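**Q** Sequence:
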Amino acid sequence: MRRSVGDLDRRGRAWYVDKAVAGLVFIGGISAIVFIIGIFVFITREGWTFVFGTLDFGEFFTSIEWRPTSENDPTYGALALIAGTASVTGLAMLVAVPFSLGAAIFIAEFATGRTREALKVLVELLAAIPSVVWGFIGLAIMNPLIIDLFDVPIGLGVLNSGIILGLMAAPIMTTIAEDALKAVPDGYREAAEAMGATKWQVIRQVVLPAGKNGLMAAVLLGVGRGFGETMAVLMASGHSINLPTSPFDSVRALTATIAAELGDAPRGMEHYQALFTLGIFLFIVTFCINLAADIAVRGVRKG
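Taking my numbering, the leading residue of the sequence shown gets 125, the next gets one more, and so forth.
Hints were generated in silico from the structure; no laboratory data involved. Certain hints may be false.
[Said to hold, decoys possible] DEER-style ranges, computed between Cβ atoms:
id, residue 1, residue 2, range
1, 156, 180, 29 to 37 Å
2, 384, 250, 46 to 54 Å
3, 265, 195, 37 to 45 Å
[Claimed, not checked] Here are the computed lysine-lysine pairs in the DSS-like style, where the Cα-Cα straight-line distance is at most 30 Å:
id, residue 1, residue 2
4, 323, 336
5, 336, 306
6, 244, 143
7, 323, 244
Only a predicted model underlies this, so the values are computations on that prediction, with no experimental measurement involved. In this text, a Cβ means the ideal position worked out from N, Cα and C, and glycines have one as well.
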C-alpha cells in the first residue's frame, strides 16, 4: 500500500514531538544535578576564604563558644550547635521511626480499598503542613504542655523540638517505608502463608527482612530531613547555645543559627563567611546521609 502524504506528515510531526518531549525530560532530570552543583559552588565560594584562612578546625569541632560578633576575641566553636542538631534529630527519630514504620505496615499489609487510599492521602496532607505551623504548635501548644507535665521552667528544648521534628519527618518516612514493603513480591507472602504462618509472622519474619534496605533508606532520609529543618527547630528548641544533658535543655541547631544570624551579618565579613562554613558542613552531612539512603535503595532494587 502506498502511504499518503498526510500519513508521512503525521509521522514526521510525531517524531519531532517525541524528540522534544525526550529533550524536556532529559533537561528535567539533569537539572537536579545542576542545581546541587550550583548550590555547593555558591556556598563553597562564600566560605572558602574563611575555611582555609581564618578557621581553626580544632576550635570549630571542640569548642562550644560561638561568639562571631565579639570585637576583642571572636570565636567560632560549633560543637554546641552540632550537639544541639544531633540531639534534636536523634530524639525526632525515636519519635518518628516507630510511628512511621507502624503506619507503613498498617497501610501496606492490613488496610484495604478506600481505607488504604484515605490513609495515604492523610499522610501526604500531613507532609504538606508548613514548618512554621509546626513551629507555632511547638511554641504555643507543646511549650505549656511540657511545663505542666514535667514541672520545668520552660518547655522549649530538645524534647519539644524533637517531638515536633519527629512528626514532621514521619510522613516522608511512612511513604518510603510503605513503598519498600509493597515492593516485596507477593510470592514471599503466599509461600509463608502456605507453610502455616500467621499474618504477623509473615510480616515479622518475611516482609520486614525482605524490605530492610528500603526501610533503612526511609530512616536515613528522615535523619536528613531532621538535620535540614530550620524554622520549626528555631521556634521550638529555645535557641540557646548549650551542650544538652537532658531532654529539657534548650539548644541551638546549625540551621537555626544560619537563619537567625545571616540577615545581620555584613556580607563578606568573617561572621558572614563563618555562617556559610556551617552551611558547607551541613551540606556535606546531608549529602552523605542521602547518599547512604540512595545506596540502600539500590540494594532493594538489586535484591
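**Q** Are the hints correct? Go through all of them and say.
**A** Hints versus structure:
no., hint, result
1, 156 - 180: 29 to 37 Å, "holds, 35 Å"
2, 384 - 250: 46 to 54 Å, "violated, 27 Å"
3, 265 - 195: 37 to 45 Å, "holds, 40 Å"
4, 323 - 336, "holds, 18 Å"
5, 336 - 306, "holds, 12 Å"
6, 244 - 143, "violated, 35 Å"
7, 323 - 244, "holds, 22 Å"
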